[in-house]
Amino acid sequence: MNLFADAWRWLATGSNWTGDGGAATRLVEHLLVSGLVVGIAAIIAVPLGVLVGHTGRGRTVVVLAASTARAVPTLGLLTLVALATGIGLTGPVVALVVLAVPSLLAGAYAGVESVDRVTIDAARAVGMTEAQIVRRVELPLAAPLLVGGLRSATLQVVATSTLAAYTADVGLGRLLFAGLKAREYDVMLASALLVVALALVLEGVLALLQHLVTPRTTARAGNAHPISTVPEQSPTERTS
Amino acid sequence: MKWLSQNYPQVVELFLTHLALSVPAIVASFLIAVPLGWSAQHGRGLRGPVLVGVGLLYAIPSLPLFIIVPVLIGTPLRSSSTMIVVLTVYGVAVLVRSAADAFASVPAATLDAAAAVGHTRWSSFWRVELPLAGPVLLAGVRVITVSTVSLVSVGAVIGIQSLGTLFTDGFQRGIRFEVVTGIVLIVALAVLLDGLVVLAGRLLMPWTRGGRAGRGGRAGRVGRGGRGARVVRRGDDAPVLAEPRLAGAAQAEEGPR
Chain A
1 MNLFADAWRW LATGSNWTGD GGAATRLVEH LLVSGLVVGI AAIIAVPLGV LVGHTGRGRT
61 VVVLAASTAR AVPTLGLLTL VALATGIGLT GPVVALVVLA VPSLLAGAYA GVESVDRVTI
121 DAARAVGMTE AQIVRRVELP LAAPLLVGGL RSATLQVVAT STLAAYTADV GLGRLLFAGL
181 KAREYDVMLA SALLVVALAL VLEGVLALLQ HLVTPRTTAR AGNAHPISTV PEQSPTERTS
Chain B
1001 MKWLSQNYPQ VVELFLTHLA LSVPAIVASF LIAVPLGWSA QHGRGLRGPV LVGVGLLYAI
1061 PSLPLFIIVP VLIGTPLRSS STMIVVLTVY GVAVLVRSAA DAFASVPAAT LDAAAAVGHT
1121 RWSSFWRVEL PLAGPVLLAG VRVITVSTVS LVSVGAVIGI QSLGTLFTDG FQRGIRFEVV
1181 TGIVLIVALA VLLDGLVVLA GRLLMPWTRG GRAGRGGRAG RVGRGGRGAR VVRRGDDAPV
1241 LAEPRLAGAA QAEEGPR
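Sequence order for the protein chains is A and B. Number 18 in the numbering used here belongs to position 18 of the first sequence; there are no gaps in the numbering. Counting the second sequence from 1 gives a position; the numbering used here is that position plus 1000.
This is chain A alone, in the form it adopts within the complex:
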């Protein structure tokens, strides 16, 4: 328990936060890398997921990819890509994008697919084009599950960015590994607590976002997907 006091003292010391190698720099790095990865993954996965959900084609591939990805160890992927691309940011970014894509893809696909067929038929009947149906009907109704996918992808990426410091010198993981090497357990624990705090804050923000995008009208009785069935937390695999 004493170690917690030491870690707290480390965190409370201003000089540990400032400067090039300070905790503040590492925290910003961590956020930038995670944001970059989730952004790239979303650009790839969300349109694809919406397309699959809308057309119903390629469903098998999406489900298969999402479940296979669960078994692939991220550390293995990370070291493999790092060996191929060399020390630097490319390795972790590629590996983390691969990690984040299945969650986002599945979220977008499941969200769009969960929209009641009757609702879509109704939209078609009042003369909406396919593009309008996607934009004005499917996307708003799919939003909770879509954000759910974003939430689990972000969670995984923030967690795994810690691991990224194993092959690239960025992020909070760098403090953690530095502490591990030098046997400075207070630094290790302090950086561990920082990562945990960051993950919990982001989780809270995204949970709030998910709550905000949940359409209120779906709470009405008789609807196939009442509000209470939106998974607050998708049972995603933890790979890091």
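Think of the hints as simulated: they come from the structure by calculation, not from any bench. A couple of the hints might just be wrong.
Now the stretches of chain A that chain B is said to cover, found in silico as 3 or more residues with beta-carbon under 8 Å [claimed, not checked]:
1. 38-45
2. 115-128
3. 166-174
4. 190-198
Partial list, derived from the structure: chain B residues whose beta carbon lies under 10 Å from chain A [what the hints assert, rightly or not]:
5. Gly1055
6. Tyr1058
7. Leu1063
8. Leu1065
9. Ile1067
10. Val1071
11. Leu1077
12. Val1152
13. Val1157
14. Ile1158
15. Phe1167
16. Gly1174
17. Arg1176
18. Val1180
19. Leu1203
20. Met1205
What you are looking at is a predicted structure, and each value in this text was computed from that prediction instead of being measured. Cβ coordinates follow ideal geometry from the N, Cα and C atoms, glycine included.
Given chain A, put chain B in place with the hints provided.
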């Protein structure tokens, strides 16, 4: 290939170590999560707090946990006990939700009927509720089996031996084949254990087999994810009251994971 022929005794040993870390954690997760999930479902006002609690546990990244757990419970930093505790925390975090959904999928009318024919709460749990919740529970166990096997490898970066050691060693020495071997073996182990879980499910719940075959034999088509979702969808037969939540469970099964 040359690397493998020179090092295969060590690889076999790491494989067995990996297995020895995964299995106790999966079993412990099950034993802890089922009562928790049951009380989340049945305890008045417990569902929210319990599910939020496990959600937060799940949000904690594993690498920091490998450092926090030893400080909290006094296990050595690089030890299999630390590893098993960390794995169990994640297993419980995922499985409690599945278990709560599984028990929620049992129609209340069935439990009333069980009480009416003279089951005590205890015998109703073992003989009615648990068997009916079984298929959904099984889907949850399959999820944590695969993710646990994958997660064990992370311990390698702080020095806990497992197949993940092939990643750290391969990276340090620049042997790509060693890393690939690790990935292939971990996926293989996950598939193997998942298969054993499915087999155990068939043996313990023989009635689910007939139900699946009778539904157009789609089960084998989409592989793991699809089959898990199908099990959840058994609720098609359930009374209307139970349906909304089942629809949600099915979404979660197919959703981001």
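Structure-based check of all given hints:
no.: 1; hint: 38-45; verdict: violated (count 0)
no.: 2; hint: 115-128; verdict: violated (count 0)
no.: 3; hint: 166-174; verdict: holds (count 3)
no.: 4; hint: 190-198; verdict: holds (count 5)
no.: 5; hint: Gly1055; verdict: holds (4 Å)
no.: 6; hint: Tyr1058; verdict: holds (7 Å)
no.: 7; hint: Leu1063; verdict: holds (5 Å)
no.: 8; hint: Leu1065; verdict: holds (8 Å)
no.: 9; hint: Ile1067; verdict: holds (5 Å)
no.: 10; hint: Val1071; verdict: holds (5 Å)
no.: 11; hint: Leu1077; verdict: holds (8 Å)
no.: 12; hint: Val1152; verdict: holds (8 Å)
no.: 13; hint: Val1157; verdict: holds (6 Å)
no.: 14; hint: Ile1158; verdict: holds (6 Å)
no.: 15; hint: Phe1167; verdict: holds (5 Å)
no.: 16; hint: Gly1174; verdict: holds (6 Å)
no.: 17; hint: Arg1176; verdict: holds (5 Å)
no.: 18; hint: Val1180; verdict: holds (7 Å)
no.: 19; hint: Leu1203; verdict: violated (23 Å)
no.: 20; hint: Met1205; verdict: violated (21 Å)
Hint check: violations occur at hints 1, 2, 19 and 20; the rest are consistent with the structure.
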